[in-house]
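Undergrad: With the hints as a guide, bring the two chains together.
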Amino acid sequence: NAGVMQNPRHLVRRRGQEARLRCSPMKGHSHVYWYRQLPEEGLKFMVYLQKENIIDESGMPKERFSAEFPKEGPSILRIQQVVRGDSAAYFCASDGGSYNEQFFGPGTRLTVL
Amino acid sequence: KNEVEQSPQNLTAQEGEFITINCSYSVGISALHWLQQHPGGGIVSLFMLSSGKKKHGRLIATINIQEKHSSLHITASHPRDSAVYICAVRSRGMLIFGTGTRLQVFP
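One line per chain: the protein sequences are A and B, in this order. Heads up, the first sequence is in the working numbering, so the first residue is 1 and it goes up one at a time. Heads up, the second sequence is in the working numbering, so the first residue is 1001 and it goes up one at a time.
Incorrect hints may appear among the rest.
[What the hints assert, rightly or not] Selected chain B positions facing chain A (in silico; Cβ < 8 Å):
{"no.": "1", "residue": "Ile-1043"}
{"no.": "2", "residue": "Leu-1049"}
{"no.": "3", "residue": "Gly-1098"}
Just so you know, the hints here were simulated from the structure itself, not pulled from any lab data. Note that CB positions come from ideal geometry on N, CA and C, so glycine has one too.
Chain B on its own, in the form it takes in the complex (with noise of 0.2 Å):
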């Protein structure tokens, strides 16, 4: 079992539409990330978060550590946020990577 999970792994939706990931954890962290990657692209750091909710734009970031949970919400998508959205927990110094969901939204 992977130490980061995220679901789903593959999501495409209608621009317009309010997008919702998820991602769990097993391990210890003192940080959780969440990073954009476009195809063949660099990567992006939308939040890091170690407690609570935060916002940017469209984009909230929850985390509840007791039951080691992070959703990334994406309100009103659009085309443009197509790419692939990573969950990173920060442990032990290091990150360590959930597999990614890749989103595709159509116009």
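Here chain A stands alone, though its shape is the one from the complex (with noise of 0.2 Å):
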């Protein structure tokens, strides 16, 4: 049983360009988290999604940042016209419902240049 996949695993970007992180969900995993590791700070939760649906979002900044979960595929986190502030790891985690336990995936470390 594959465990939460990530990738690409280092995404480098040039200010201005989209970035696209992609998350696989461990098999028979419906619920998927993204949270983001800023340098030399803590992990902070960004969005939380079932098939087709944000359950919660507030931890994503307003502008430039979206995330789905389609019925088909993997989630993806977007950000678009990225800024150096962006640089971080993040990490996708997933879990069978809201009081199982979370698995993570390797994350994704987004270099902005």
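TA: Right, dumping it as structure tokens:
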């Protein structure tokens, strides 16, 4: 049973470009969470999704950031017009429901030049 | 004040020492997690607790729901235990994280 998969593991973008981060949850998991870890800071919640639904996006920046978890395929975190302050590690986690253990992916390290 | 507080922020130990990391929280939770993160690395879930105590190898985690407090203990510490240990509470579905405790164990 493969764990949570994220790709790419490392992503370099220039200011103004778009970044797309992908997350495939563990088999059987229908809940996906995105977290961000800024350099030298702790992890912060961004968004909680179920298939085709955004459950809680209270941690998402109001502009340039969006997330989806379609019926088929991975969850996507999309950052438009990236800025240097978006440089961070983005972690995805999944579980089978709110009372189950979350399992983390290896993260995508985004660097904005 | 952060909703999840950890102490200490940094911890150094000699190999073989008994280590305790503390976590206090101020929100209602459904569970508490202890996570481990190596430098530049991914996040590994060590424990998920909603009551009492759990043990896995040299690691022990306890939680006191009434006092809103949890501890992570490492017995007979080893240099390979060097990592950042993060307490996270499950509240409204999402995880709220402490700032982490950076542990270094020297031979």
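Undergrad: Against each hint, give a clear statement of whether it holds in the structure.
TA: Checked hints:
Hint on Ile-1043(B) holds. Least Cβ distance to chain A is approximately 4 Å, under the 8 Å limit. With 8 Å as the threshold, the beta carbon of Leu-1049(B) stays out of range of chain A, its nearest partner Cβ sitting at about 10 Å, so the hint is violated. Taking 8 Å as the C-beta contact cut-off toward chain A, the hint placing Gly-1098(B) at the interface holds, the least distance being around 7 Å.
Violation of the numbered hints given earlier is confined to hint 2; every other hint is satisfied by the structure.
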